[in-house]
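Asks: Please construct the entire structure, taking both the sequences and the accompanying hints into account.
Heads up: the sequence lines are chains A and B, in that order. Those letters in the first sequence? Residues 1 to 188, per our numbering, in order. Those letters in the second sequence? Residues 1 to 462, per our numbering, in order.
The hints are simulated quantities; they were obtained by calculation from the structure and are not laboratory data. Some clues are possibly wrong.
[Said to hold, decoys possible] Some chain A residues close to chain B (C-beta under 8 Å, calculated; not the full set): (1) L8; (2) L20; (3) R77; (4) G135.
Model, not experiment: these values are computed from the prediction. Heads up, the beta-carbon is just placed ideally off N, CA and C, and yes, glycines get one too.
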Amino acid sequence: MKSYRVILLGLVVVLQTAALVGMVAIKQRTLITGTPVLLETRPVDPRSLFRGDYVVLNYAISSLDYGVLAGDDSFERHDDVFVVLRRGETYWEPVSIHRDMPAHDSGTVVIRGKVQYSGVWIGGENRDGINVRYGIESYFVPEGEGREIELPRNDGKVAILVAIDDRGDAAIKAVLIDGVVRYQEQLF
Amino acid sequence: MWDRAFVNRLRKEVPDWAAKGWLSPAGASAIVEDAEARLAQGSNVVPVALAVTGALTLGAGIILFFAANWSEMTKLAKLAVLLGAMWGAYAIAGRGLSGAARASAAIGHAMLLLGVILFGANIHLIAQIYHIDAHYPNGVLMWTLGALALVWLVPSQPVAVVGLALATLWSGMEILDFGQHPHWPFLAVWALYAAATLYHGWRWAAGAAVVALGVWCFLILVEWPYLGRGAELWPLQVFVLLGAVLHLSGVAMQDAPRLAGLSAVIRRTALIVALLVAHFFVYVGVHGLPWYGWNLRNFEADAWARTAAPGAGMITLIAVFGLAVLGLAADRYRRIPAPRARRDTVGLALAVLAVAVLLVNPLMPGRYADAIAMYVAINGAAFAILVWMVADGYRSGERFQVYCAFVAYGAGLVAVYFMEFFSLMSRSLFVMGGGAVLIGGVYMLERRRREAGAAAAGGAAP
Numbered sequence: 001m002k003s004y005r006v007i008l009l010g011l012v013v014v015l016q017t018a019a020l021v022g023m024v025a026i027k028q029r030t031l032i033t034g035t036p037v038l039l040e041t042r043p044v045d046p047r048s049l050f051r052g053d054y055v056v057l058n059y060a061i062s063s064l065d066y067g068v069l070a071g072d073d074s075f076e077r078h079d080d081v082f083v084v085l086r087r088g089e090t091y092w093e094p095v096s097i098h099r100d101m102p103a104h105d106s107g108t109v110v111i112r113g114k115v116q117y118s119g120v121w122i123g124g125e126n127r128d129g130i131n132v133r134y135g136i137e138s139y140f141v142p143e144g145e146g147r148e149i150e151l152p153r154n155d156g157k158v159a160i161l162v163a164i165d166d167r168g169d170a171a172i173k174a175v176l177i178d179g180v181v182r183y184q185e186q187l188f
Numbered sequence: 001m002w003d004r005a006f007v008n009r010l011r012k013e014v015p016d017w018a019a020k021g022w023l024s025p026a027g028a029s030a031i032v033e034d035a036e037a038r039l040a041q042g043s044n045v046v047p048v049a050l051a052v053t054g055a056l057t058l059g060a061g062i063i064l065f066f067a068a069n070w071s072e073m074t075k076l077a078k079l080a081v082l083l084g085a086m087w088g089a090y091a092i093a094g095r096g097l098s099g100a101a102r103a104s105a106a107i108g109h110a111m112l113l114l115g116v117i118l119f120g121a122n123i124h125l126i127a128q129i130y131h132i133d134a135h136y137p138n139g140v141l142m143w144t145l146g147a148l149a150l151v152w153l154v155p156s157q158p159v160a161v162v163g164l165a166l167a168t169l170w171s172g173m174e175i176l177d178f179g180q181h182p183h184w185p186f187l188a189v190w191a192l193y194a195a196a197t198l199y200h201g202w203r204w205a206a207g208a209a210v211v212a213l214g215v216w217c218f219l220i221l222v223e224w225p226y227l228g229r230g231a232e233l234w235p236l237q238v239f240v241l242l243g244a245v246l247h248l249s250g251v252a253m254q255d256a257p258r259l260a261g262l263s264a265v266i267r268r269t270a271l272i273v274a275l276l277v278a279h280f281f282v283y284v285g286v287h288g289l290p291w292y293g294w295n296l297r298n299f300e301a302d303a304w305a306r307t308a309a310p311g312a313g314m315i316t317l318i319a320v321f322g323l324a325v326l327g328l329a330a331d332r333y334r335r336i337p338a339p340r341a342r343r344d345t346v347g348l349a350l351a352v353l354a355v356a357v358l359l360v361n362p363l364m365p366g367r368y369a370d371a372i373a374m375y376v377a378i379n380g381a382a383f384a385i386l387v388w389m390v391a392d393g394y395r396s397g398e399r400f401q402v403y404c405a406f407v408a409y410g411a412g413l414v415a416v417y418f419m420e421f422f423s424l425m426s427r428s429l430f431v432m433g434g435g436a437v438l439i440g441g442v443y444m445l446e447r448r449r450r451e452a453g454a455a456a457a458g459g460a461a462p
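Replies: See below:
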């Protein structure tokens, strides 16, 4: 192998490393610059293919009812969707749904997601709406602890603190059980 | 490759050739000694295969080791382990590829492969550590592109094979899980891998490229029914013709010195793809076997008669691929030597017949009576092509083609037994008729062989 091949191999290693570091950097950007938003959730607990446990998080804002929310109302599966959120009594709640990033006031944030399917089950009945995935639906925890989050003691409530940046991307900052931080995200 | 069976055969044959005066005794001894020496040297396939298997096993072991101790490690330690393992593999690869020895290069390629595997594992584990839950096919795309960079900048055939598999996995996720159908970006990535494969003359990667394209076509085929009820037949036709185009392209490569080494693997792999899709077309698409219904679920016994008319785009695709088949077949016919031209005319005529049937088919009115005529035409053309493949395979010494034709014929018989279109009596007559035609064909071939042998010997038939 000639020396220039070794240099090219080094270039590939740098590119691959940069791609991996870039994944972390993009996530950290959202966590550092994003607006903190507390979301209501109801987790379940499948096993990860790779290792450890992870909880699948189903948010109150995952099911959106066209009849209740303003904005657009004809989304197809896999469409991009932008949801305007406003702070409620405890949790942030959806206000409107849009195809494109909407203009919004300072008391609101916009979270971006993808439509999973149409038709939602809310309050025991089938409604005209969409189920949305925001990229914050799974959270890895140490092995054996997933069950504890799924069934918190003393009927405690699980909430997720997320950061939402100016592009609408979201990242999990912390997991709270009964209002107490149980897991918090750190760079290292 | 100098295999033992070939050398043993040389040991038996060479003394006869020397006795007939075709070889001098010294030349005969030299040929056998040279063959034995090459056999003793061995092939580079074994060290490469062992090194690649070792790399895969080592990679799996490393991943399992850290998986067992993952919870106790800090994020920084996890990152150090993940990146350190990847850098280490590439460092060893660099040293291995720098060495002059064949075994050193084999270890170098195996370590490159391990590096790519660790790059993919790192993508998924870093996503897990930092709770990155993005559009997950993008992770596989990133893995694919990382492998592609290695394929182009540090040429490695094993990495190209793995990269093509990853590209297919990525596209499969987009098609099946996210409704990206057809997923055209796959073709761009595939073309970049295929270009490197052709440039370096990699045979294994060439086979992987044809298989990847075939799997991608199949995935599109599986999803096509969602485009509209009754539109299932037309993609099958497109892919039968695409397989034929690839096969004939492989045949044409025989005349290009730089690409001749890839010819066999491309035409053989394309042959498998074409026959597999043709089987679905003839025995599933046309007759609608209920036990194949998982794929083409809208089909019933008279499905073809009810098939929706193809759109202009589909007709264009069928026409383009059909004309490509005819053009490549005619080009092959033009290039063959004059004494063989008369026999190959049969192949050209069959290609014209098959393409004509496939071109007329989309334009047929959807009435059941017409459909029966087309069933017979399609089955007849398919059967004639299989018989010709056997004859041509024997004549040209392409045993793989003969085996493929017999396997396809056997699969057809099984399909005929289960299909609903014929009664049991009709099936028995069909199968008996097919058997009689085959026996007749074998008799004619054998008579030809004896005549040719007699002509060559200048005496009576053996």
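Asks: Hints first: check each against the structure and report whether it holds.
Replies: Here is how each hint holds up against the structure:
1. L8: With a minimum Cβ separation of about 4 Å from chain B (threshold 8 Å), the hint on L8 of chain A holds.
2. L20: 6 Å, holds
3. R77: 6 Å, holds
4. G135: Holds: closest Cβ of chain B sits about 5 Å from G135 of chain A, inside 8 Å.
Every hint from the earlier list agrees with this structure, and none is contradicted.
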